[in-house]
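Please build the complete structure, drawing on both the sequences and the hints.
One-letter residues, chain by chain:
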Amino acid sequence: MVVAIAIIRQRSLIATVMLSSFFSLLMAGTFVLLDAVDVAFAEAAVGAGITTVLLLSALVLTSSVEVQPLKTNWLALVLTIATAGVLFYGVSDLPTFGDAAAPAQRHVAPRYLEMAEIETGIPNVVTSVLASYRGYDTFGELTVVFTAGIGVLLLMTPGVRRRKTPKKQDENVT
Amino acid sequence: MLALVVTWAAFAISLVLLFQVLNDGPIRYFFGGWAPPWGIEYRIDALNGFVLVIVGFVSAAVLLFAGPSVGKEIREGHQHLFYAMVMLLLAGLYGMAITGDAFNVFVFLEIASLASYALIAMGKDRRALTAAFQYLVLGTVGATFFLIGIGLLYAMTGTLNMVDMAERIHGIHGSRTVLTAFAFLTVGIALKAAVFPMHYWLPGAYAYAPSVVSALLAGTATKVAVYLLLRFIMIFGADFAYVALPLGATLTVLAAVGILIASSSAILQNDAKRLLAFSSVAHLGYIILGIGLGNDTGVTGGILHMFNHALAKGAVFLAMGAVMLQIGTTHINRLQGLGRVMPWTMAGFTAAGLSLIGVPLTAGFVSKWYIVTAAIDRGWWPLVLVMVASSILAVFYIWRIIDAVYFSAPGPGAENVKEAPMTMLAALWMLAGASVYFGIDSSFPASVASKAAAIVLAQMP
Amino acid sequence: MMATEHLILRVVAKLLIPLILLFGLYVQFHGETGPGGGFQAGVIFAAAFILYALVFGPENTRRVAPEWLISTLMAIGVLLYFSTGAASLLYRANFLEYGVLSTDFVAGQKLGIFLVELGVGITVSSVMIAIYLAFAERQGSG
Amino acid sequence: MWILGTYNYWIFITLMMIGLYIVIVRGNLVKKIIGLNIFQSSVFLFFISVGKISDGTAPIILHDGGEAIYSNPLPHVLILTAIVVAVSTSALALSLIVRIHESYGTIQEDLIREAERAP
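From first to last, the protein sequence lines stand for chains H, C, V and L.
The first sequence begins at 533 in our numbering and counts up by one.
The second sequence begins at 50 in our numbering and counts up by one.
The third sequence begins at 1270 in our numbering and counts up by one.
The fourth sequence begins at 44 in our numbering and counts up by one.
Each hint should be verified, as a subset may be incorrect.
[Stated by the list, open to error] Some chain L residues close to chain C (C-beta under 8 Å, calculated; not the full set):
1. L79
2. Q83
3. F89
4. L121
5. T132
[As the list claims (entries may be wrong)] As a list, the in silico DMTMM-like pairs of lysine to aspartate or glutamate whose alpha-carbon atoms are at most 25 Å apart:
6. C:K173 to L:D153
7. C:K173 to V:E1406
8. C:K173 to L:E152
9. C:K173 to L:E157
[Stated by the list, open to error] Pair ranges (Cβ atoms, derived):
10. V:I1277 to H:A547: 25 to 35 Å
11. H:V610 to V:R1332: 50 to 60 Å
12. V:E1328 to L:A158: 28 to 38 Å
13. C:E468 to V:L1358: 44 to 54 Å
14. C:T378 to V:L1348: 38 to 48 Å
15. V:L1276 to H:G617: 57 to 67 Å
16. V:R1279 to C:R124: 34 to 44 Å
17. V:L1294 to C:M471: 49 to 59 Å
No wet-lab data here; the hints were simulated from the structure.
The beta carbon of each residue, even a glycine, is placed where N, CA and C say it ideally should be.
Here is the structure:
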């Protein structure tokens, strides 16, 4: 949380990126504490790895210092606090943290834990749920990645056919 | 070419599915053979069957149209990627409509959103980039709100399957968490559906996107988002949404204000595509108004208007695409005299435009009539006034284009402009013709819509 | 190229990259018993390539991973996932019902999950590489 | 007691507020994306904390005979998917930012608006 606040205040974007990478690592640590090792693994690899690299390479292509003066936007503050207020209202009826009798724990999940290894032969329940029980979600997820890949290619490459010709010219010149 | 075949096939399948659903009741399909709520299922009833047909019809027409337009507006080396992206967008939209699993909706929502961000950014104008970025930020916030809503629901019910969720939610209606979940889901969906006042991203996105993308998004994307709203009203139970919560009143007021503001802004626009984009916001207002009224006629009208508006708006955006292809701009001043050189395009535009206004004998009239009747039934007279006023405003903004096209002297160079290619005209007339046909004989869509409305309102007291 | 002078960096990178690749493979194939799986493995695998690109420059990376190869792999991963799912259709089961892929239900599930995770890994890593290279090459062309 | 029992939600909400605030207020587009990431991470944290059971352990079945309490695997799966979605979105957003910088010469929201009014 402290890191997150620092991110608001920091104006140098490179420092911000470093802080956000640190934030992801902390997040990953929290996930381990919450028993979500797979998620922690992904968060560490993505947040502290890929996203940081991408942010940095985007910064190389753009400017790295924020020129806008820091000012407090009251409307935004009110809006966020209102959202948070609604959430506070909402979570007040949720079961307490770690409660084994909560509905989330009782309805669908137990079957995965009991049956997953028998039905799929795989001890990591997360993997078997991911790939089999909710395999279609994962298919969708893969499609999202694929979409992003094509999207970036569309935006960032100057088109396949055109690229090759100027490159050859470059080589000839040098 | 392949893309065209696929969309037509998908359209055909969606029609078959719809008829099957109408005859035999809901179809369910379990992925991986796991029975829900453990696995993910597809579940089709009259409501989403109808939405699938809307998406199928519009996309089939748009893809028929696409060839020359894409050829002009998208760089050569990018065209195959562009089509791939369109296909992914459609896959996402179909998926959102068809799935019976709340989290699966989120995944497909993101497929469709990512594809549409990239597609919008392909517009020629550099403002397309900022429009796409704005859409991306708001869209992601919307999707994350949606995710929070699902998370809260999951914490309360322990399931993600929609049918299962609907059953389990009944016992805990009074819970504050359920209320909050509903609020977050509604706000998230409203951001995606560009419901006033969350329409901020829409005009820019539609105005600067490539023509094909504008037509596709205008005809399908927001409709699917509205469908999601209906679906979640169903999950929570209509009695809960309308009676326990002021959802109906809130939606109606927002919709009414939105209709008026958007229609007035439309009149002030100088770019035809931007004008039509504002008109889209207004028409979404009608749909939401119908849903907000919460009685049988109103919801039927809302669902019917989804269909009719998709046809008409798809057609006018396609007409603008044809104009873009031939003269390279859609600025209203440059449209002068095009009625003479591109008669077929402009006739199609006019037919669909009349439907947008809601002139009798067009499809737009039928659904507006339903909504007005519903408002009278509820005794909400100010709404009737709003509907009439906005229709007059619509006359003004459509007239601005028609006036330029037919009653102004052709601008310099207009003699050299040719009529759009045959395939484009065919696609345009497919939509425009349908919108006239269903205005004269509206029995088919109206009967489906009223069946769908009956499903939505099943638990109404 | 800036990186040419950094001898230590280059040597260390050369040492590290095979290890990272190996670790990526381990995560990929060990996701069934420990934490990890196709996605994490794909990211780690891509990280190796990105490290290579950082140290040796994107041009050299393109020699290892030319554009056609990466974009083909992107699609192949999705197709692998899809065809694994579709294969069960051939056995008159539902989409993605892996149990029928083998005579034994559990073995079929195992096989299906393995193939699917492989598809995820391939697509994720190639997309990540493609995205990074798209950024990096933009720098070169300025 | 109630406040202590639900402290995970309090942390989630505070983080979410910070993220959302950054998204709305900061004019720098890169910073908006970082804010969006924080916002999304906070939601991930919420999902994961819903799945946590006290004294539970990671949902990988062990064969040492003992009866272990496993935490709920389902939210983990969902969040894995959501993380992938988030990183895809960020990548696409960053490439948009690069393109915006190329055509406007800035990534400050207000400067872009000025440039849009000008042409």
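Okay, the hints, checked on the actual structure:
no.	hint	verdict
1	L79	6 Å, holds
2	Q83	6 Å, holds
3	F89	6 Å, holds
4	L121	6 Å, holds
5	T132	6 Å, holds
6	C:K173 to L:D153	22 Å, holds
7	C:K173 to V:E1406	23 Å, holds
8	C:K173 to L:E152	20 Å, holds
9	C:K173 to L:E157	20 Å, holds
10	V:I1277 to H:A547: 25 to 35 Å	26 Å, holds
11	H:V610 to V:R1332: 50 to 60 Å	55 Å, holds
12	V:E1328 to L:A158: 28 to 38 Å	34 Å, holds
13	C:E468 to V:L1358: 44 to 54 Å	46 Å, holds
14	C:T378 to V:L1348: 38 to 48 Å	41 Å, holds
15	V:L1276 to H:G617: 57 to 67 Å	58 Å, holds
16	V:R1279 to C:R124: 34 to 44 Å	37 Å, holds
17	V:L1294 to C:M471: 49 to 59 Å	55 Å, holds
The structure meets every hint from the earlier list without exception.
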